[in-house]
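S.K.: Listed below are the residues making up each chain.
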Amino acid sequence: MDEKNKRPEAPAPAPMSRPAAPGTSRQAAGGKIDMDALRELLAIMNDNGLAELEYEIGDLAIRLSKGQGAAPVLQAAPFTPAPAQSGGAVAPTAQAADPAVQETKHLEVVSPMVGTFYPAASPDAKPFVSVGAEVTEDTVVCLIEAMKVFNEIKAGVSGRITKVCVSNEDTVEFGQVLFLVEPA
Amino acid sequence: MFNKILIANRGEIALRIIRACRELGVRTVVVYSTADRGAAYLDLADEAICIGGPAPAESYLNIPRIISAAEVADVEAIHPGYGFLAENAHFAEICRSCNIEFVGPSVDAMRLVGDKIQARNVARNAKVYTVPGSDGPIEDENQALELAHRIGYPVIIKAAAGGGGRGMRISHNDINLTAAIKQAIQEAQNAFKDGTIYVEKLLERPRHVEVQILCDARGNCLHLWERDCSVQRRYQKLIEETPAPNIEPKVRDEICRAATRIVQTAGYCGAGTVEFIVDADQKFYFLEVNARIQVEHPITEVVTGLDLVKWQLRIASGERLPFRQRDIVQRGHAIECRINAEDPDHDFRPSPGTITRFRQPGGPGVRVDTHCYEGYRIPPNYDSLIAKLIVHQPTRREAVTAMQRALSEFDIQGVKTSIPMHQRVLTNHRFIRGEVNTAFLENIL
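Protein chains in written order, with this note's numbering: chain A, 1 to 184; chain B, 1 to 445.
If you are wondering where the hints come from, they were derived from the structure by calculation, not from laboratory data. Warning: the hint list may mix true and false statements.
Using 20 Å as the maximum straight-line C-alpha spacing, the simulated SDA-like pairs for lysine to any residue come out as follows [claimed, not checked]: (1) B:Lys250 x A:Cys165; (2) A:Lys148 x B:Lys310; (3) B:Lys310 x A:Glu137; (4) A:Lys66 x B:Asn3; (5) A:Lys148 x B:Tyr82; (6) A:Lys148 x B:Asn99.
Isolated chain A, as found in the complex:
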């Protein structure tokens, strides 16, 4: 059994794992975990007043680390070598804050802020706009909530909505395309 007791002043590195795609959670451990071995490890930690304990066997690595007064927290991840490049950054296709004309002659309504997207004024209400809706520059097309404040987002362009690009309660970032609009 490979077991390393680490004293607090030399904290062991956490096992490496592949970076997850943005917005998703990390991969869980692949193999089955021996619960008896885990209980033994936890007992060793508590009996010896350890703050951290790292355990490696094969390509499974477990690191137990005590939080502030709470029970020890378990982190398990497959031990992988240098991570492969994940996809590009989160941002989808938006190029600029202003609506851009694409080859398909669609205008984009992009998010001016970071927050949570809501297509309607309330959960029961009809969406502000849907595909086929006519909009002008001042038409409110959605709400984006940040820090408990709901901001009305205006279309900024005139035309007809051809696509709704995000869904209710999606996290949106600055510059993210919300709607496609066929110009009037």
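Position chain B against the provided structure of chain A, taking the given hints into account.
M.R.: Using the frame of chain A, we list chain B on its own:
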């Protein structure tokens, strides 16, 4: 330890923090502006959120957008890096009121040391000499003139809300001083939204020696020895080294202990740096406290073997420092060159553009901290730092040789860089003898 933090910065320091987090098992969310879209370091974070346009006010300085990103990403803490909002007490206060920890000192400590006038008072209370100067703000020209006659010309006018070498004016006589005071107040108002100024005696050709400190939340304050940052151009550091050459061991010890006393008095927590001026007689005077991790932190890391960014995260998550002052030992000598994308033939103006070749040096004792690579487009909106080249060797002489060697290997094309200038310094006989002061670089350029 935190489960997930947000990094409110960009470039090499964002990458530095991502690396420390990955080793600690902390998930990272990094914010970026549209100018930084596509930068490779963003892929190394777990999540990346675009928060605004290129201008810092719309992105890296934009508190609402950063807090929004922190909330939608559900992070426990924010690491501010250096520059931008790193020393903004208001930002730290907002973070904590939103239940997000700020990786840095308390708001009170930030305010205390962030106000350069108050910081001088803290130093005096800690029985550390400060540069002779006004005990409080200078309100008008008459006060300034009276002070200048008392402490003697030349004097330097500084902004209380300034720092980082910005917003300073030198005056050599009465006529000059009167005009300079008016201008300084105006400039401080414009740049820092606070026109409060103070005046200090200008020590000629001093050395800039600063001390790295590390404090935990229990008030355990340690120093990690000093760094000499005298090679500067227009108050911007270009080369740093540790230990500071040709300083008496006794003086070195006193400076470091003084730094510890100052931050202890201020109730400081986290990593920070206390800056001093050392005159030709090896007398030292307190200058200011930088309440953040600094650009040149790697040289302290390589000689002490301590990862300062990891310690910032541990301290912020409530861990105490498990070692004592006597455990902090320096081994060998380290030098750092800040490689900037600047055009030395045109007054070092920034040289943004696309890097067409980027071959960094390697070998024993060479560390390169950079977010750049071949094909990377340096955005014009931010500072021009593209890489930090650090060497660590058993002696200063070997470190100088290693740095000369490493600089000669560092091949960057597509933009102009400061490498030729660094090479000149590293082959300069005065630098090699360790006889530099803050006027050195301007003299050889």
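S.K.: Look at each hint and say if it fits the structure.
M.R.: Each hint, compared with the structure:
For the proposed pair B:Lys250 and A:Cys165, the alpha carbon gap of about 67 Å is over 20 Å, so the pair is violated. Proposed proximity of A:Lys148 and B:Lys310 is contradicted: the alpha carbons are some 32 Å apart, above 20 Å. Taking the CA atoms of B:Lys310 and A:Glu137, the gap is near 49 Å; set against the 20 Å cutoff, the hint is violated. For the suggested pair A:Lys66 and B:Asn3, the alpha carbons sit about 12 Å apart, so the restraint of at most 20 Å is met.
For the hint pairing A:Lys148 with B:Tyr82, the CA-to-CA distance comes to about 29 Å; that exceeds 20 Å, so the pair is violated. For the hint linking A:Lys148 to B:Asn99, the alpha-carbon distance of about 14 Å falls within 20 Å, and the restraint holds.
In the structure shown, a violation is registered for the earlier hints numbered 1, 2, 3 and 5, in ascending order.
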